[in-house]
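Trainee: Chain residues, written in single-letter form:
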Amino acid sequence: MTRADFLVAMLALGMLPLLYNRYWEEPVEGEDAEIMAGDDKKLKVSLNTNRRLNIEGPLGTSVLEVQDSRIRFVSSPCRGKQCIHSGWLQNTGDFAACLPNHISVTVRGNNRHYDAINF
Amino acid sequence: MSSDARQITINPTREDYRIAWLTALAITIHIVESALPSPVPGIKPGLANVITIVVLLMYGWPTAAWVAMLRVVVGSLVIGTFLTPTFVLSFSGAVASITVLGIGSLLPGKGLGPIGYSLLAAMAHMATQFTVAYLLFIPHPGLFKLLPVLMTASVVFGIVSGLVVSAIMNRIR
Chain A
228 MTRADFLVAM LALGMLPLLY NRYWEEPVEG EDAEIMAGDD KKLKVSLNTN RRLNIEGPLG
288 TSVLEVQDSR IRFVSSPCRG KQCIHSGWLQ NTGDFAACLP NHISVTVRGN NRHYDAINF
Chain B
889 MSSDARQITI NPTREDYRIA WLTALAITIH IVESALPSPV PGIKPGLANV ITIVVLLMYG
949 WPTAAWVAML RVVVGSLVIG TFLTPTFVLS FSGAVASITV LGIGSLLPGK GLGPIGYSLL
1009 AAMAHMATQF TVAYLLFIPH PGLFKLLPVL MTASVVFGIV SGLVVSAIMN RIR
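Top to bottom, those sequences are chains A and B. Heads up, the first sequence is in this note's numbering, so the first residue is 228 and it goes up one at a time. Heads up, the second sequence is in this note's numbering, so the first residue is 889 and it goes up one at a time.
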């Protein structure tokens, strides 16, 4: 290995952490939340205003809370309470759902992100 | 006798034969490698570039450039990807790595060895393919999440093929 080889290898290895740092950065905070109830009811809620939302589902009323640019399930008439355990949703792409009550929430940002890219 | 019947003779030089043989070798590796499954799209060892580096070290840059470019064009004709997006990526990657190798071979003193050359070539190849893929095929910011992973792969495979090159050079010297 020549000195130039060593230099190239060091630069290459040094570049990698910078790349990870640059492109696997902090997730983007969402702008608004998209709430789906049932098969067809769609609701877009801004995360800027603090408020409580009562969403009707087949089991009853689920309560969602918007606070400090975050959203969460406060209560839901389901058994598992998975939706409530999901906690606060804040970043673009965050998702929680109460499947028994047919309600889901997705946080959206300015630039829409995909769940997955397949090619 | 009419001039239509004139016979054209091509007198290949030693250099032409050498390029042809080495290109044939590179194409063979290229084809075998295209049959290997890849865990992640966009990542493959790039073993055909081993030949490019060996040629560069033994016969110099012009021969290496010929071998690399012919390999991409003829290889794509054989596999059936000529002028497809795959070919565009392959071609741009080859142009980038041969350019970087050209610049690298201008270094004064002892210059670069197998590992430096193949690292540079692998990274230039990957970075260019990524840029082309982003600009032409998938212009989505989400693609950048893949960049660190792809560059890591290129560094790893660059070092690995560099080791293969130095093993080959030790054998044939």
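Everything labelled a hint here was simulated from the structure, so no lab data went into it. Glycine residues also receive a C-beta, built at the ideal position from the N, C-alpha and C atoms. Heads up, some of the hints might be wrong.
Claimed, not checked - Ranges between beta-carbon positions, derived for each pair: (1) B:897 x A:243: 50 to 56 Å; (2) A:237 x B:929: 26 to 32 Å; (3) A:326 x B:929: 29 to 35 Å; (4) A:234 x B:968: 39 to 45 Å; (5) B:1060 x A:322: 56 to 62 Å; (6) A:256 x B:957: 43 to 49 Å; (7) A:237 x B:926: 26 to 32 Å; (8) A:241 x B:993: 21 to 27 Å; (9) B:1023 x A:245: 49 to 55 Å; (10) A:251 x B:927: 15 to 21 Å; (11) B:993 x A:313: 54 to 60 Å.
As the list claims (entries may be wrong) - Examples of chain A residues toward chain B, derived with CB under 8 Å: (12) 231; (13) 237; (14) 239; (15) 274; (16) 322.
Trainee: For each hint, tell me whether it holds in the structure or not.
Mentor: Results for each hint:
1. B:897 x A:243: 50 to 56 Å: holds, 54 Å
2. A:237 x B:929: 26 to 32 Å: Given about 29 Å between the Cβ atoms, the range holds.
3. A:326 x B:929: 29 to 35 Å: holds, 32 Å
4. A:234 x B:968: 39 to 45 Å: Hint holds: Cβ distance 41 Å, inside 39 to 45 Å.
5. B:1060 x A:322: 56 to 62 Å: Distance hint for residue 1060 (chain B), residue 322 (chain A) holds at roughly 58 Å.
6. A:256 x B:957: 43 to 49 Å: Holds, at about 47 Å.
7. A:237 x B:926: 26 to 32 Å: holds, 28 Å
8. A:241 x B:993: 21 to 27 Å: holds, 23 Å
9. B:1023 x A:245: 49 to 55 Å: This hint is violated: roughly 22 Å between Cβ atoms.
10. A:251 x B:927: 15 to 21 Å: holds, 19 Å
11. B:993 x A:313: 54 to 60 Å: holds, 57 Å
12. 231: holds, 5 Å
13. 237: violated, 10 Å
14. 239: holds, 5 Å
15. 274: violated, 21 Å
16. 322: violated, 16 Å
Of the hints listed earlier, those the structure fails to meet are numbers 9, 13, 15 and 16, in rising order.
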